[in-house]
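Assemble the whole structure, with the sequences as input and the hints as a guide.
Each residue of the sequence shown is one higher than the one before, counting from 70 in my numbering.
Please note: incorrect hints may appear among the correct ones.
[Said to hold, decoys possible] Label pairs and their computed distance ranges (CB to CB):
| no. | residue 1 | residue 2 | range |
| --- | --- | --- | --- |
| 1 | Glu-136 | Asn-206 | 47 to 55 Å |
| 2 | Gly-209 | Ala-185 | 18 to 26 Å |
| 3 | Gly-209 | Glu-153 | 26 to 34 Å |
| 4 | Asn-141 | Gly-209 | 38 to 46 Å |
| 5 | Val-122 | Gly-146 | 35 to 43 Å |
Please keep in mind that the hints were generated in silico from the structure rather than gathered at the bench. Just so it is clear, the structure is predicted and the values come from calculations on it, not from any experiment. We put the CB at the ideal spot given by N, CA and C, even for glycine.
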Amino acid sequence: MPLFSFFNQSTEQQSNPQIVGRGVRLQASYSKLPLSQRIIMPFMLVFFSIMVVAVISFAFWFTSRMEHQIKNSVASGAAVILQELQTEKQDLGSWVQLIAERNDVRTILQQKDTQALLKILVSHKTNLGLDLIKVVNQNGGVVLDLRD
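And the structure:
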């Protein structure tokens, strides 16, 4: 018998359980329950429906609150990191300016003595913990490239 054959039967066949064959007869089994259970069933159905709605609402509220807290945490962390990067950028900018204004560095650059420039910059690279120092001239050409 097909799954949906119940809906294709006449009302006489549906009402007569001997003709219908398989199928769930919920109304028949509900009417056989004791009166106390028949009275409490609708209340339990309403109660559990309300509980399901309450649990889903709480879960939605909880997840949205957690998402909001995580977004705030990430935003504050990003602000701290941005401030730290700006401070580091200012410090390195000051260091570059101080090195560029030294007279011995200027004379070394005019003489194009990369070994002497390398000697000066390696110590600063180590002290500052840098991975890369690149010296460029006014035209943008690379004079010295120090990488780890």
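Status of the hints after comparison with the structure:
no., hint, in the structure
1, Glu-136 to Asn-206: 47 to 55 Å, "holds, 52 Å"
2, Gly-209 to Ala-185: 18 to 26 Å, "holds, 22 Å"
3, Gly-209 to Glu-153: 26 to 34 Å, "holds, 29 Å"
4, Asn-141 to Gly-209: 38 to 46 Å, "holds, 43 Å"
5, Val-122 to Gly-146: 35 to 43 Å, "holds, 36 Å"
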